[in-house]
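*Asks:* The residues making up each chain are set out below.
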Amino acid sequence: MALRFRPADTTFYDLFTQAANHLVDGAALLAEMLGEGNDREGIAQRMRDAEHAADETTHAIIRRVNSTFVTPFDREDIYSLASSLDDVMDFMEEAVDLTLLYEVVKLPSELANQVEVIQRCAELTAESMPRLRTMADLEEYWIEINRLENLGDKSYRRILAKLFSGKYEALEVMKLKDVVDSLEAAIDAFETVANIVEQLVVKES
Amino acid sequence: MALRFRPADTTFYDLFTQAANHLVDGAALLAEMLGEGNDREGIAQRMRDAEHAADETTHAIIRRVNSTFVTPFDREDIYSLASSLDDVMDFMEEAVDLTLLYEVVKLPSELANQVEVIQRCAELTAESMPRLRTMADLEEYWIEINRLENLGDKSYRRILAKLFSGKYEALEVMKLKDVVDSLEAAIDAFETVANIVEQLVVKES
Amino acid sequence: MALRFRPADTTFYDLFTQAANHLVDGAALLAEMLGEGNDREGIAQRMRDAEHAADETTHAIIRRVNSTFVTPFDREDIYSLASSLDDVMDFMEEAVDLTLLYEVVKLPSELANQVEVIQRCAELTAESMPRLRTMADLEEYWIEINRLENLGDKSYRRILAKLFSGKYEALEVMKLKDVVDSLEAAIDAFETVANIVEQLVVKES
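Going down the list, the sequences are from chains L, X and D.
Under my numbering, think of the first position of the first sequence as 565, with each following residue one higher.
Under my numbering, think of the first position of the second sequence as 565, with each following residue one higher.
Under my numbering, think of the first position of the third sequence as 565, with each following residue one higher.
These are calculated hints, taken from the structure and not from any lab test.
A quick note: this is a predicted structure, and the numbers were derived from the prediction, not measured.
Positions of the beta carbon are idealized from the N, C-alpha and C atoms, including for glycine.
Warning: the hint list may mix true and false statements.
Across the chosen pairs, the derived CB separations fall in these ranges [stated by the list, open to error]: (1) L:Ser769 x D:His616: 38 to 48 Å; (2) L:Asp752 x X:Glu674: 22 to 32 Å; (3) D:Glu691 x L:Arg695: 35 to 45 Å; (4) D:Asp613 x X:Ala676: 18 to 28 Å; (5) X:Leu664 x L:Asp603: 41 to 51 Å; (6) X:Thr635 x D:Glu733: 48 to 58 Å; (7) X:Asp613 x D:Pro694: 35 to 45 Å; (8) D:Asp701 x L:Ala595: 23 to 33 Å; (9) D:Asp638 x X:Leu664: 38 to 48 Å; (10) D:Pro694 x X:Ala676: 47 to 57 Å; (11) X:Asp619 x L:Asn630: 32 to 42 Å.
Which bits of chain X does chain D cover? Going by a derived footprint, with three or more residues having C-beta under 8 Å, they are [to be verified]: (12) 635–643; (13) 735–742.
Coverage of chain L stretches by chain X, computed from C-beta distances (three or more under 8 Å per stretch; other residues unrestricted) [claimed, not checked]: (14) 629–643; (15) 660–667; (16) 729–738.
All chains should be modelled from the sequences, with the hints used to inform the complete structure.
*Replies:* Have a look at this one:
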């Protein structure tokens, strides 16, 4: 700790934690969207707000990189971690957005499994960001994210099998597949975040 | 200026400007393709020519990186800027190519908005490449590209809503969506170019 | 040679060669899958085994990066080469997996061209990995991969034209397109591997 203590850079960790907390909010909104009879327009609006807040945080990180002489790790790594966290949010928002845009009436119940994985990934990511300060105890985080991504992949494949089973019309399959693909992309983006953290730890060790 | 003047590297900026000018040509061909009754086979051929010319420029940049001892910025950054400019061209060509390949008879008029965004992005990118020499006055460029990308995204979503509204047959939706996705990918690729430039400026500042 | 001889790092080249050899195995399984009347369940199981073996190799590379003080080239480059080789495997497995998941009865015969390209790319990549040790004679490898990728692209487009010609039902088009896209993505991923190798050689020269 003593050796790593660089007071000027404290806020980078706070900002990364903030970025991950926006993902926790976004994941909660995805869960709400699955509930039948919920106000989807309202949820979509709150998702857009969460996405704007996440953008603000991303820009705050970039501004701070630009104005700080000594950064806690390479500028490019800060940039890529920030933008990969931002990507997760974009995919979450896309899922909600497409549901409304395509006027999907009923989302298959299996989507709940994907959303659960997203919620768990968001929590884990938010818990882990403060540990970037010491670069310690991060291995369990990326191992668990990889495990969750595998689980998510299994749900994703089960949903695809159902969509293509012949029960749905082609146009409906296309709509639902786009929503499900966005959720799958959000999970993959969490894995990208974890991979970047893993590489950071490799670099610093 | 005086400090940055490195005569041997002048052509890198010329080559990047050339690469961006190929994108201006490609964007003009996209606009032509939207006109009804135009000779699509001829346009597709000219697009393939533009794409080959862009490839030549990309390879000239790579060759120059390989044979130059002092490069104006990191070799890897030159490489990634060149290949991201090349990506834009590939997506433009893909849009024209798929239109012919799928034998799309009528392109929805809304595609004009996407193509306008692409034309504006191409011009802006071409105007900005020479400024890499001084790394000055580039901020407005990437901010404007980001704004245009947002506009493009709005058009894209409006087109998707129309495609899935029930007016089109499923197979036609699949065809048109692939064309529209290529245009959207071209716009996103312009944003990637702008992000790389932004990171370059961050690095050098 | 003498100058580059670093006994401690020998296994990196062995591990990359091993990773590429898993791709040769995967490509052979793709070819088997095209044969009519073959035991697809069995092939899918062997593909999953190959994919697990490839994962093991990837993790062995990462572990070695983490525990080795002097690496033959930048840690991040080792990481990105390993993960791009892994991506190829994932796309190959995806193609087999989707064929079963979607219960595709008949694969169009044109897929054989794509699979031939994949087999040739896998062999070339496996032959080239040991040459990373001396960084010599690698140019033909990446030039040939680029040529093969172009060939693959032509096959891909011919298949798309056939799929959208009106002979297939929309849902069948969606299924087959996903399989064909996975094969195309595998070919593109081979090109990414070749690009990374090219950049490595550029860096070291």
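*Asks:* Which numbered conditions among the earlier hints are violated in the structure presented, ordered from lowest to highest?
*Replies:* 1, 4, 8
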